[in-house]
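**Q** Numbered per our numbering, the sequence shown finishes at 448, counting up by one with no gaps.
Check the hints yourself; a few may be wrong.
Stated by the list, open to error - Taking lysine-lysine pairs in the DSS-like style, the calculated list, with each CA pair at most 27 Å apart, reads:
#1 435 to 392
#2 330 to 38
#3 200 to 223
#4 403 to 420
#5 330 to 160
#6 296 to 223
#7 403 to 223
#8 160 to 135
#9 145 to 160
#10 296 to 246
#11 435 to 420
#12 185 to 63
#13 160 to 38
#14 246 to 435
#15 185 to 275
#16 200 to 160
#17 330 to 296
#18 330 to 246
#19 368 to 330
#20 63 to 170
#21 170 to 403
#22 135 to 205
#23 111 to 135
#24 392 to 420
#25 134 to 145
#26 368 to 403
#27 330 to 403
#28 134 to 185
#29 170 to 145
#30 435 to 160
#31 111 to 185
#32 145 to 135
#33 170 to 200
#34 205 to 170
#35 63 to 43
#36 296 to 205
#37 392 to 403
#38 246 to 403
#39 403 to 416
#40 160 to 170
Because the hints were derived from the structure by calculation, they are not lab data. Just so it is clear, the structure is predicted and the values come from calculations on it, not from any experiment.
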Amino acid sequence: MNITIIGTGYVGLVTGACFAEMGSVVTCVDVDEAKIENLKKGIIPIYEPGLENLVIQNHKEGLLHFTSDIAAACETSNVFFIAVGTPPGEDGSADLGYVLQVARDIGKNITRYSVIVDKSTVPVGTADMVKKAVQEELDIRKVDVPFDVVSNPEFLKEGSAVNDFLKPDRIVVGVENSGAAKIMERIYAPFSRNRDKLMVMKVRDAEMTKYAANAMLATKISFMNEMANLCERLGVDVENVRKGIGSDHRIGYSFIYPGCGYGGSCFPKDVKALIRTSRNAGFEPELLVSVEKRNMLQKRLMAEKVTARFGEDLSGIRLAVWGLSFKPGTDDMREAPSMVVIDTLTARGAAINAYDPVAMNQAGKEIPRELFSSGAITLFDAPYDALEKCDAMILLTEWKAFRQLQFSLMAEKMNQKIVFDGRNLYDPEEMKENGFEYHGIGRGT
């Protein structure tokens, strides 16, 4: 199969590299010429375990190509995956500007039957808009070129996206006819050898499936955070509650870990977009509104715990922050709890020493410059160096490297032995036995 992927961001690059790994000839297109040149050199714009090797090897073997010329890509392919960004608008709705521009570019260039696949996360009804945009360009050209628009949402987890794509739980495909379905079956055949993972449905059903999946997972997270806050007030250890309810196979253990809120490029954006879609349809999504509100409050929780301990005025207080990315396994800081915590604490006068195993370069871009220039925040190359002369450590991302603490080294470096655990990574009793004051989430202390 000759496949074109338009957009070399997180979804597009993983999709292209994994298709190439299974033997398809893939051309990745992006308007950013500097990014394209870097990709040709094996320079990857994102951190994702396993992705760099796939890109370099398949590019070397001639299966993965990079270009900024969509017209040239249209000459060699008739399957196009749209994988560009859909950033949230001011009202929370998904901005489809990039998606529709790509649709118009495809319409300007295709000369034979084509399948156009929405891979980006898009609201219900987007396929109709893409179809209209393509047809308008064909009408301008006064040509009759048949095409189908397919919805094929991604279900990739940052930090394990390559494995998720190569070994998917399911492959959701929304089509209008059997011809398009057969082409998608052929494309995904290498990924379904041990069992049929392809789930064929109507286009709008597939579009809704993606949003419903992310909303459900976000709901589980916010529900457990709600329970954790209640447990804290009742003197209950939420970790025991988590284990108790997780053992019920109807609930399971996934996504019921209390913490300082969800972030990233998917859950926050998709919940907002689904709320907007619901309201546009004349339906008030009470549950989703509460899920989003709980998450916003949860991101502020660790800063509130710090001020409850040290006071509203944090002048003269230095705090170490371990973990800046929104989750382990990625350098993505979009909507990360760390951004809220850092912003809140520095506004109250605190100085921050920060460290993350992979997100340090991203931190330099995401954190406001004035916080660096004023000395309000300093980035460190090692976690224990960041503890130097700190009054407390705040854990915000549960990286594996943070699981086992070197208590003596911490005590040697810190002014006060205080830990705020935003992911309930540590055992409160062990912390106390080693002389540390411990503040978790819903630990009944």
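**Q** Which constraints among the numbered hints does this structure fail? Numbers only, ascending.
**A** 8, 9, 12, 15, 29, 30 and 36
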